[in-house]
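Peer 1: Sequence:
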Amino acid sequence: MSLKMSRRGFVKATAAATASTLLLGSQAATAFADDAAEGAKATSSDDVKIIPSACRQCYGRCALFGHVKDGRLTKIEGNPDLFSEGTLCGRAFAIPQELYNPLRVRYPQKRVGEKGSGQWKRITWEEAYQEAADRYTEIGEKYGWHTIAHQYGTGRDMLQFQAINKLWLELGSTATFGVGNLCWVGSYFTSQRLYGDETQYTGWDGNNTDCILIWCRQERSRGYYDWLTVKRAQERGAKVICVDPRYTCTASKADLWLPIRPGSDMALVLAFINEIIHSDKCANDFARFCTNAPFFIDEEGTGYQLRESMIKEGGNEELYPAWDEAHDQLIFWSGDWQNKQGVGGPKAFQWLDAEGNIVADAKPALSGSREINGKTYRTSWDILVEHVTPWTIERAAEFCELPEDKIREAIQTYIDASPHACFCRGQKVEFSINTSGISQAFTIMMALAGNFDSKGGQNIGREPATGYDSFMFDVVPNKEGRMGKRRMETAKNIKKLSVCQNTGYQQILVADDATGELRETTQNSGGQVIYGQQGGFGAATTKAMAKGDPFQIHGYWQQTSEPILSIEGGHEIIEGFKNLDFFVNVDIYMTPSGELADIILPAAHPNEVDRVEWAHSGHGYPTSHTYLIRQPFHEPLGECKDDMDICFEFAKYMDVDMYWKDKYEFFDYMVKGPETLPQQLSCASFEEFRERISVTGVEMATVKQAPKYETGFMRKTSDFRPGFNTMYRGNKMGSVYRFPGTKTPDGKVIPAHPQSDNGKMEMWSEDLLLYGNGPLPLYIEPPITPLARPDLLEDFPYTLITGGRSHAFFHTEYRNSPWMREVHMFPTVDINPATAAEHGIAQDDWVWIETYVDKIRQRANLTEAIKSGMIHVEHDWWFPEREATDDLHGAIDSNCNVLFENNGPYDPAVGTDNYGGLCKIYKAEEGAPKNICMTEEDLKIFLPMSADAIASDDQADGVRQVTVKGGAK
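Residues 1 to 969 (the working numbering) are what the sequence shown spells out, left to right.
Where hints are given, some of them may not hold.
Here are the computed lysine-lysine pairs in the DSBU-like style, where the Cα-Cα straight-line distance is at most 30 Å [as the list claims (entries may be wrong)]:
| # | residue 1 | residue 2 |
| --- | --- | --- |
| 1 | 231 | 704 |
| 2 | 496 | 231 |
| 3 | 704 | 652 |
Distance ranges between label pairs, derived from CB positions [unchecked claim]:
| # | residue 1 | residue 2 | range |
| --- | --- | --- | --- |
| 4 | 727 | 664 | 22 to 30 Å |
| 5 | 124 | 925 | 32 to 40 Å |
| 6 | 142 | 375 | 23 to 31 Å |
| 7 | 353 | 375 | 15 to 23 Å |
| 8 | 547 | 727 | 48 to 56 Å |
These aren't lab readings, by the way, just hints derived from the structure by calculation. Even glycine gets a Cβ: it sits at the ideal position worked out from N, Cα and C.
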């Protein structure tokens, strides 16, 4: 059989015809669980059940139907009635290839050889759980529970993440490699602290917009339906602006493309903000009444926002001074919404005069210095304006290597379309040591352009259809006082228990606002957090495992993740894994990391389990407001289990209170929603939700004819007052930053920090100041660029960028899918033909890409879509067809993340490292790496197993390894 037949036809044909018998088999592996599908609105025709579900092959979560016959999935097709409009990509059609893949782990396994030997034997779940419980308990009692790290991967689902994280936080774990800090947490962390939610990925209103600003995002890489929204917007006359170093398919369809110099994004965003502030479209009233722009700043004292307690003996730290233009008097904003300081109740979120009376018609001044008690204070607005004004279009053009006229056109188009202009960004912008800062700048840009919660702008508060999202899994028990003793003690002592404690201070290159010149300065690396809880990040956890800095990690639990491929410093991660006393890996397949584990627990495929699902990372209405069912096509193969069930079951062995009886109890809570939820959006139970298949919520800004920050819906988790959600600010959740009393390198002592739960959006951010970023977004040059490291240019003359998304894969996944590998057979480096000619490189040649750290091999793709002088390499490549003893399934040969150091600097808030640099490129005379699939015929080793073959393979001696060196062995 030719695989080309399937590739040519599968995108179109599989929506209308069943897959071949050779690909999918003809007999059932297990009996279909009728109770799992009962009430699922499944329909039958000739013994085929058609089951509505959702795809989990990427963030798009497209709605689909699975055709199941004799307990085996035979066909996938799109659901045309929901937000994804029937669209699916090849990854969805390849789901059967995942379910019945020969490399799938179907039974618990225990390693019986050396780490990396590939030698395993089957054990029972009870044996696996008991050994894990005994070994972790031994480690925790001997070395401390903080010496056990835990890790979770991207993409599975946020509910699974919550279960993993709660289990291990309750046990006292503090270290993790992180996952979102590579691609999402910078935005989420920053947005939460500025105004309480997240909108840079999710929430753009493309259905009503006049302009879409797409920043380094490939709109067709996860959820084709997004591109339908963009196309329809253009047909209505909306303009599309694409900012991206590469000429992507998004750039090819845009009205204006800005091929920005990699890493220079901040210069362009600051130019946007500068032009907006000085335009007649600037949202001055929003800044005046909804943000902290009028607040005075104690620049020469604490560095914080001024409080009454700083200017008056016995003053209140919940009162923020400003000047009232209407009455020419000093007024105070009361942030005491919990009435802890006596200025709450009816006075909360009101302007008060010096006697504490409400000034209903106050007009706080945006601009102007005032002398109070002999000391002069400026507003945060004046400080912001002073900061961005030097960032002109001319300066941005110089930093970004863009034509001035193109920048001017892009900014003016965005301003002209506002308040009906929307913005969405890709994750590559976050792959920097300044991810928190760039996220702050984007937020200020959107807000001052008037696009917050406007029609055609940004939906600034995520509005899940039920009113509850996944974070309630941990929030509810903590609110009810059900946080475990060990977790509380760990949080109280996090400064000495965190792997981040030695990240310390770091040297960075910052552009001087006045001159634009780069100068070296010392930045506090504030002690990074993950999702606002104690945690670590890739480099810090790696050093703890490999080098014992700041302490040795002894135990490790990993679930659906692959840090060897996804985190910088892969060689050191391997060293760290070999140092571990005990390591459990939960996954669907045998992976490079898994080969270094002691026990493998087999995870169910996403389409073998129940979930409340929603599209994640980058979608607008109605997608961003829709929940849909992801329900099983059949029971998990063999003894595979749902990741959430594994967490609940292991929690019992470890005596951990998960609060929820099981996942279904939380699902019931989630789909029912709060009492304030409109009745038509509430489901009495998960089983009722199963009947409904999907629930799409409403945009409250449209319903109320006013932005959510005016109607209380931004504060729906607290008091429903107008304003912004500020519950995430400050050191409330065990996060690590500059503790009061800490000395900085210049000898300054960090003063005590009052919380700033004031209901205002903070453009000038006290939290980011404390984490080490500074209160306003700074231009920080990436550490390895021609400007930062001219000493490297002679040997490494080319700018190296990484991580552009492929339509065939999702990070490390699907390299063992024959369809996806045929579509995208090899790791590919993009190189301009002129650059290639200089080195005698032809199309499809294998080449070496080398940095001062290491080198890797990928295959050359000559394209004008990338500038000369720039190289782009793909990320997360490995070769499942290679054996465990063959470089851990080829985990290093083409892995771009080994090209970079993990020694910092890092983003001071979330720990993101540098994933770009300088390189050289030259032809690999030895050709491709050995033992990899080179032809369509080779890929047949990955074809799905038949039902009979699955039934006869009990994996008593481990998962069989398929190779191109003679087939299965």
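Peer 1: Each of the hints needs a verdict: does it hold here or not?
Peer 2: Evaluation of the provided hints:
no.	hint	result
1	231 / 704	holds (29 Å)
2	496 / 231	violated (53 Å)
3	704 / 652	violated (46 Å)
4	727 / 664: 22 to 30 Å	holds (28 Å)
5	124 / 925: 32 to 40 Å	violated (51 Å)
6	142 / 375: 23 to 31 Å	violated (55 Å)
7	353 / 375: 15 to 23 Å	holds (21 Å)
8	547 / 727: 48 to 56 Å	violated (37 Å)
In the structure shown, a violation is registered for the earlier hints numbered 2, 3, 5, 6 and 8, in ascending order.
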